[in-house]
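Enquirer: Below, each chain spelled out in residue letters.
There are 4 protein chains.
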Amino acid sequence: MEQKLHFETDYMAGCHPLVLEALVKTNMAETVGYGDDHYTAGARQIILDVCGLTAEEAEVQFFVGGTQTNATLIDGLLGNCEGVIAADSAHINVHESGAIELSGHKVLSLPQKAGKIQAKDLEEYLTHFYADDTWPHMVIPGMVYITHPTEYGGLYSVDELKAIRDICQRYGIPLYLDGARLGYALGASTTAPTLKDIAALCDVFYIGGTKCGAMFGEAAVVRRGLIRHLFSLMKQHGAVLAKGRLLGLQFRTLFTDNLYERICGQAVALAQELRRIMVDAGFPAVIDSPTNQQFFEMPNEAIDALAQHVGFEYWGPRGATHSTVRFVTSWATPPQSITQLANIISTPS
Amino acid sequence: MEQKLHFETDYMAGCHPLVLEALVKTNMAETVGYGDDHYTAGARQIILDVCGLTAEEAEVQFFVGGTQTNATLIDGLLGNCEGVIAADSAHINVHESGAIELSGHKVLSLPQKAGKIQAKDLEEYLTHFYADDTWPHMVIPGMVYITHPTEYGGLYSVDELKAIRDICQRYGIPLYLDGARLGYALGASTTAPTLKDIAALCDVFYIGGTKCGAMFGEAAVVRRGLIRHLFSLMKQHGAVLAKGRLLGLQFRTLFTDNLYERICGQAVALAQELRRIMVDAGFPAVIDSPTNQQFFEMPNEAIDALAQHVGFEYWGPRGATHSTVRFVTSWATPPQSITQLANIISTPS
Amino acid sequence: MEQKLHFETDYMAGCHPLVLEALVKTNMAETVGYGDDHYTAGARQIILDVCGLTAEEAEVQFFVGGTQTNATLIDGLLGNCEGVIAADSAHINVHESGAIELSGHKVLSLPQKAGKIQAKDLEEYLTHFYADDTWPHMVIPGMVYITHPTEYGGLYSVDELKAIRDICQRYGIPLYLDGARLGYALGASTTAPTLKDIAALCDVFYIGGTKCGAMFGEAAVVRRGLIRHLFSLMKQHGAVLAKGRLLGLQFRTLFTDNLYERICGQAVALAQELRRIMVDAGFPAVIDSPTNQQFFEMPNEAIDALAQHVGFEYWGPRGATHSTVRFVTSWATPPQSITQLANIISTPS
Amino acid sequence: MEQKLHFETDYMAGCHPLVLEALVKTNMAETVGYGDDHYTAGARQIILDVCGLTAEEAEVQFFVGGTQTNATLIDGLLGNCEGVIAADSAHINVHESGAIELSGHKVLSLPQKAGKIQAKDLEEYLTHFYADDTWPHMVIPGMVYITHPTEYGGLYSVDELKAIRDICQRYGIPLYLDGARLGYALGASTTAPTLKDIAALCDVFYIGGTKCGAMFGEAAVVRRGLIRHLFSLMKQHGAVLAKGRLLGLQFRTLFTDNLYERICGQAVALAQELRRIMVDAGFPAVIDSPTNQQFFEMPNEAIDALAQHVGFEYWGPRGATHSTVRFVTSWATPPQSITQLANIISTPS
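Residue numbers (this note's numbering), protein chains in the order written: chain A, 1 to 349; chain B, 1 to 349; chain C, 1 to 349; chain D, 1 to 349.
There is no bait here: all hints are sound.
Since the list gives no way to pick out one identical chain from another, each pair is judged satisfied if it fits inside one copy or across any two copies.
For lysine to any residue, the following SDA-like pairs were computed, each having C-alpha atoms within a straight-line distance of at most 25 Å: (1) 162 x 114; (2) 120 x 109; (3) 113 x 288; (4) 196 x 171.
Rather than coming from a laboratory, the hints here were simulated on the basis of the structure.
Turn these sequences into a full structure, and let the hints steer you where they fit.
Expert: In structure tokens form, the structure reads like this:
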């Protein structure tokens, strides 16, 4: 029986075989909990190294999932009456069920292009805010949140990051980068920022594992001195994994021999090939995405026909005649699935 | 010495002389606290009466100020994961320092016209929300908040209120009306909704005292069964006045002999006269406001000249050559101040 | 007709006649809102002066009520994961409907004597806390809260305050004094701490107005640098009074010619006389209270008989044969009411 | 080289080999996320079955860890101004960094015996609460939380559970059972409540996986109609695992062929043997624990000697001459480790 192809999202499979192997090998080892074990210590050091940071400059903390990571760290970064500036399409503004508000803070939204905020919009927002005499009655902008890749697959260039960073510094507010899909940025064939660039330009960021080869887990890098009581804050947010070593083990594996970037890079290559196939088939790409998420406009009939063999998602509501759909590759996408997709598309249904 | 004319806002003076008299007369009376006194009981009954409600249908609770009222009642109306739909210009979205978010809830903003939301925008929002499969990952619309008059002096018609109300009922969410300046709506010369209309169409609303003749205070009318533990919730929000009778006394006075509507109606009449003077002087009204707030576009030089004799406020940032300004009348505005304003404007500076 | 005597509590009457006069005189004056007026500026300066503080050392902010003051300032003082240490009988732990928890913080309770915490209990708590390896999993003690007078009428001596203060300094946590009834401490005939003592020993405290001669209002004194965005925080907590001057006016009056201390001192003198009468009548005082609240054990029949002529409150549940009751005097208590009480008690019913 | 014996806690190893096998086998399968997969559906059905519940009566939701489970569900169960009654030693009261308070609720603590609350203390608390006229100023008891086994290894009998349940029903508040170590209760050789008993007597409870054979995960059983928007609430609390199937797979395995109870039962048997050894060696058990946690009083020198070969934990601070220590067995404890412990203890150091 024919098996359906899966391009719905990048968290459909378990974990990369090498990650699984690490978990299996160490399964019966007995270690202390809460991340105080030596596997986790090792993972922390490797991550600091690839980021070009010392343990005096930053600390590495592991979380289980992205919403949890965002909610905890943003709560830690914001003071009373402060909000977080983010694109109106940002995950924290749309798809986290109000996790930021649960901790008492407002998301202050800016318009987006390909999911990115623009330095000039940010500057304008901050200038206008403090130009308004009534600002003490308003939510004070306390940090900036960006996603990289964005929800639309977009990437910031180093120059764009620098421009945002400069504004943040001028206003004394931290810059936070949500890297839930960071592997697909690092593995992109563009001149995207490296981990060292990101570490140099962002105050806090996280390296996504869940979507990038781990069974689960995110590695947060936090500049020292920015968040008091960080471990307690994680505990309070229900974000401390009892068997913390499971996270350390996975990230140690992902950051050994450049595995993280390699497996995500392959997924991006497949996504670019998928895009050529789709565009050639007459389905225009609606966003210029250099990463593993690709968005196309398709006639509804073509969508319906394709959906019998291939899994993918609507992006927004179904239109009257055409709709936008999203295809996602991942570290787990078999290369032959792209050829199969091409065959399916080229075959008259 | 010439005294400056004051049109900055409607809470610059103390309270109406009759309100003050009531406070003075009863000053040394000793009553129980927290609103369990007979003055407050009387005020509750009068307000229910003018609203056409029985004590079985609704309860009346008194607050000290508007932000407190909004924060407490909206917290009480929203369940977990629910947000409040409001115009993007709504007071709760802009000028309450994130009080809604402090209690864990998001403000879901809609575009506005003269500060009003449109029924069709509301309907579209709700339709799209539930049409999106990912809605359980999003903040659930749990109520609708409107201001009346709006921040721009606008008024909902009965038909507009009904249309919004119908949508709320279809989705099973309460409609809340912030009447911080409600007196200036009731006193407007338009066919604005009456208190009975509002009571029939809204689940919760408050009758503003602070800006409408009271020294301070707002009277909230809450349909029974909508908010559990309402008194405790007020206490928890720091919104219970120890000497609750001060609020009861003021509202009893304001709702005796129609005082509330009369004194605010006079302010609206003065505002309309002020508007004619300004428009005649060549300063166009930027919003068609039937209430006590008026907004004009003026050349910056004219602003600077006028500001030497008259108090008013910028509405938004000062422009390059022209700016928008706001003039506000109140129950305390002396009628002659309008004539004086006309004189000042007609006198070449 | 005989009028009932009132000893239920100290917020049953309006305000001291001089306070009322100040409000009446200025009623129609038009000033800017939110405490930026000159009356408030004057009150701030007077309070700093009587506290022996400069505007560089501390800021004075006015609130409407005590729960609001506590909730706002404690939220401002505590960081993430931090709790407030307080006596288990503390108002914030018992009678504020969970206002502290609403802002995300735990009350860490210590045993009390006459409502006071003991320096040695505090020290022990902190020592044990940090001696426990699991403390990062626990709520971190972030400040100390005391009431003065306490809920039982007790007073801290200067030495007791100093001992608590020393421990706070050693652990780097602020000391907060809730002075809802502070006038009755300052007016006590004991060697209680002066306002200057309190200002020197506490980081944050408030001078209660509601129970001490004002119509309403509390004046908070906050050491500079301790609470960021204090005004915005007040706004967010619904604790900014639009007509802020009403608070400034009242406190300016109360702190002119030592009115505050004088009127409360008289109430304390009456309370001490009341106590002698009660004790002489065979109703033992259950707490040694040097202030305006007095607690007695009485046979239930005596309570029932007295309650026909005199208002007072049970303190805790009614016992099988005897119960504890509370009598409170205030600035508004007429001296003759004590004589009348004596007469009633000495008359066989 | 001699290997240290581990009795520190029950979450030191990975997961039971059969659980690991299930994860390994399905690793490359691609499924939808957020628990909508068929593995999770299967696990839900099995758990309902062993609990004697139908899908109409209750829903099963999976979480990653215990603090997260408690924080989310308790937030969902409590209304505004409500608190959760719990033993003063309860995990939520002591070791979750204030996670309950973070969501705005107070923990109302009762005294404990072996970590258990007593029905009579609960009844007294509730009776006194509503007997106090000022209760609307206090945090309203909104639910009861118990742990089973408790933090001290104690177990409720069916009768004890019933007595607590009856009181809850009388007051209309739900009963919540935290079963982080539930396997060790079900596997105890006493006449402990069965899963069906618990399901019949508690409104919400969770079956702990992390400490009982899973790699991570907790299965919550929630009576229908008690928590609105449960999935969204989990998302808001950062408690939804993207690859939800990982949880389903583990619990499906643990509840196949009674694995859960069997492996935990073995750990309890080893704990009882360990206890005999310790008591025979002259170290008295300080709590009568029928489960996998055992507590002993030991001379400090004996502790120091033993600690060179065996891992265990202090329970409270180290005393002057003697201290209390905790030994914990788990599903992963090799039976021979008990013999080895006996040998070490009987060998003069």
